[in-house]
Amino acid sequence: QKEVEQDPGPLSVPEGAIVSLNCTYSNSAFQYFMWYRQYSRKGPELLMYTYSSGNKEDGRFTAQVDKSSKYISLFIRDSQPSDSATYLCAMRTGAQKLVFGQGTRLTINP
Amino acid sequence: KAGVTQTPRYLIKTRGQQVTLSCSPISGHRSVSWYQQTPGQGLQFLFEYFSETQRNKGNFPGRFSGRQFSNSRSEMNVSTLELGDSALYLCASSLRQGSEGYTFGSGTRLTVV
Chain A
3 QKEVEQDPGP LSVPEGAIVS LNCTYSNSAF QYFMWYRQYS RKGPELLMYT
53 YSSGNKEDGR FTAQVDKSSK YISLFIRDSQ PSDSATYLCA MRTGAQKLVF
103 GQGTRLTINP
Chain B
183 KAGVTQTPRY LIKTRGQQVT LSCSPISGHR SVSWYQQTPG QGLQFLFEYF
233 SETQRNKGNF PGRFSGRQFS NSRSEMNVST LELGDSALYL CASSLRQGSE
283 GYTFGSGTRL TVV
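Heads up: the protein sequence lines correspond to chains A and B, in order.
With our numbering applied, the first sequence closes on residue 112, and no number is skipped along the way.
With our numbering applied, the second sequence closes on residue 295, and no number is skipped along the way.
Check the hints yourself; a few may be wrong.
Anything over 12 Å on all C-beta distances counts as not near chain B; from chain A, calculated [unchecked claim]:
no.: 1; residue: 69
no.: 2; residue: 73
no.: 3; residue: 109
Each computed DSS-like pair below joins lysine-lysine, with the alpha-carbon atoms no more than 27 Å apart [as the list claims (entries may be wrong)]:
no.: 4; chain 1: A; residue 1: 44; chain 2: A; residue 2: 58
no.: 5; chain 1: A; residue 1: 72; chain 2: A; residue 2: 99
no.: 6; chain 1: A; residue 1: 4; chain 2: A; residue 2: 69
no.: 7; chain 1: A; residue 1: 72; chain 2: A; residue 2: 4
no.: 8; chain 1: A; residue 1: 69; chain 2: A; residue 2: 44
no.: 9; chain 1: A; residue 1: 44; chain 2: B; residue 2: 195
no.: 10; chain 1: A; residue 1: 4; chain 2: B; residue 2: 239
no.: 11; chain 1: B; residue 1: 195; chain 2: A; residue 2: 69
no.: 12; chain 1: A; residue 1: 99; chain 2: A; residue 2: 69
no.: 13; chain 1: A; residue 1: 99; chain 2: A; residue 2: 44
no.: 14; chain 1: A; residue 1: 58; chain 2: A; residue 2: 72
no.: 15; chain 1: A; residue 1: 72; chain 2: B; residue 2: 239
no.: 16; chain 1: B; residue 1: 195; chain 2: B; residue 2: 239
no.: 17; chain 1: A; residue 1: 69; chain 2: A; residue 2: 58
no.: 18; chain 1: B; residue 1: 239; chain 2: A; residue 2: 99
Please keep in mind that the hints were generated in silico from the structure rather than gathered at the bench.
Glycine included, C-beta positions come from ideal geometry on N, C-alpha and C.
Chain B with its partners taken away, still in its complex shape (with noise of 0.2 Å):
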């Protein structure tokens, strides 16, 4: 059984650039949430989506935005790229929304210089 697949793993970008990251989750699984790591904030929740939908947001700027399609995979962008954003972003897919514990993809490393 495939895991969460993030893509790309490692992404370098410039100050001001936009960029999107891509998250498939388990077959079956209807529920993505993004998380953004950093050593200095730890783990920190973007947004969930179930069912195409928003169900939760995060405290973050309008710049972080989300979708989810209609397979379940969804994909997450950021515009006008600050270094601050550098960052380990971490998707994890549930069955639904709630659900017993989240399984992890192993994320995208993402570069701002």
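With the rest of the complex left out, here is chain A (with noise of 0.2 Å):
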């Protein structure tokens, strides 16, 4: 079993929609959640970083967290096509390494 799960998708949705990306894990000691966008031919770019349960907002997107059921959510909303991308979640415990989900590819259709 994966430490962190991720539903790859794709996912499709129109445009307006609110969207939810969610994320499980196995690690317990996992202390620090990111939400990485990657659109095609790019590298990762972060979204969100949270270190706590609860929810963090930034613009259209709000990242979720639960520690008590390792489970991690990211909703957007008002899709626009141009948040047509894989998004990726991450965690890790201290200074260790990032653990990445399989990525979801989401598609927003005008």
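These two chains come separately, so use the hints to put the complex back together.
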């Protein structure tokens, strides 16, 4: 079993929809949680960074962490075609390596 | 402010050859990590360097090695290339080990034939 599980999709939604992306993890020692966005032929770009349970909002993006359930989510409101990309969750303990989910390929249809 | 620069962007090598990939971190960043990305396995950690010392290592064979120079630039080397080494190799830099987030380069696409 992988340490971090993420549904690879693909996920296709109409423009303006609310998108929900999720990851589950098995290592209760994970302390820091991130979401990255990766466009085709580019490296991952950091979207959100959290280190505690609860919600963190940044514009149209909301990251949610539930440590008791070992579950993290990323919500995208008012989705735009430019949001079409692969979204990767990542997490780590302290100064250790980042462990990534498989990535979810998202397409927003105009 | 320049981002993370990886060279070359694309590379085609033959089985059995060796290859060296280069990464220049963001100015002031002292930690450099390397990842391999494939469709089947996703992003897998190779190693992390900080102040010219390897701090963390992933579960890759000894054919994969790296180093970091005093100016924080890093190189990774893969010897005796195998077909399965074909992947996107990504470098990420951060201010220090365990910093908030990492900034990734665009990667080097290695194809082994």
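Checked hints:
1. 69: holds, 18 Å
2. 73: holds, 19 Å
3. 109: Non-interface label stands for residue 109 of chain A: nearest chain B Cβ at 17 Å, farther than 12 Å.
4. A:44 <-> A:58: Judged against 27 Å, a Cα distance of about 26 Å means the pair holds.
5. A:72 <-> A:99: holds, 18 Å
6. A:4 <-> A:69: holds, 17 Å
7. A:72 <-> A:4: Holds, because 13 Å separates the two Cα atoms, which is no more than 27 Å.
8. A:69 <-> A:44: violated, 31 Å
9. A:44 <-> B:195: With Cα atoms ~21 Å apart, residue 44 of chain A and residue 195 of chain B stay inside 27 Å; holds.
10. A:4 <-> B:239: holds, 18 Å
11. B:195 <-> A:69: violated, 44 Å
12. A:99 <-> A:69: Judged against 27 Å, a Cα distance of about 19 Å means the pair holds.
13. A:99 <-> A:44: holds, 21 Å
14. A:58 <-> A:72: Given that 27 Å is the threshold and the Cα spacing comes to 17 Å, the pair holds.
15. A:72 <-> B:239: holds, 25 Å
16. B:195 <-> B:239: holds, 25 Å
17. A:69 <-> A:58: Holds, at roughly 14 Å.
18. B:239 <-> A:99: Holds - the C-alpha atoms of residue 99 of chain A and residue 239 of chain B are around 8 Å apart, at most 27 Å.
The structure fails to meet hints 8, 11 from the earlier list, while all remaining hints are met.
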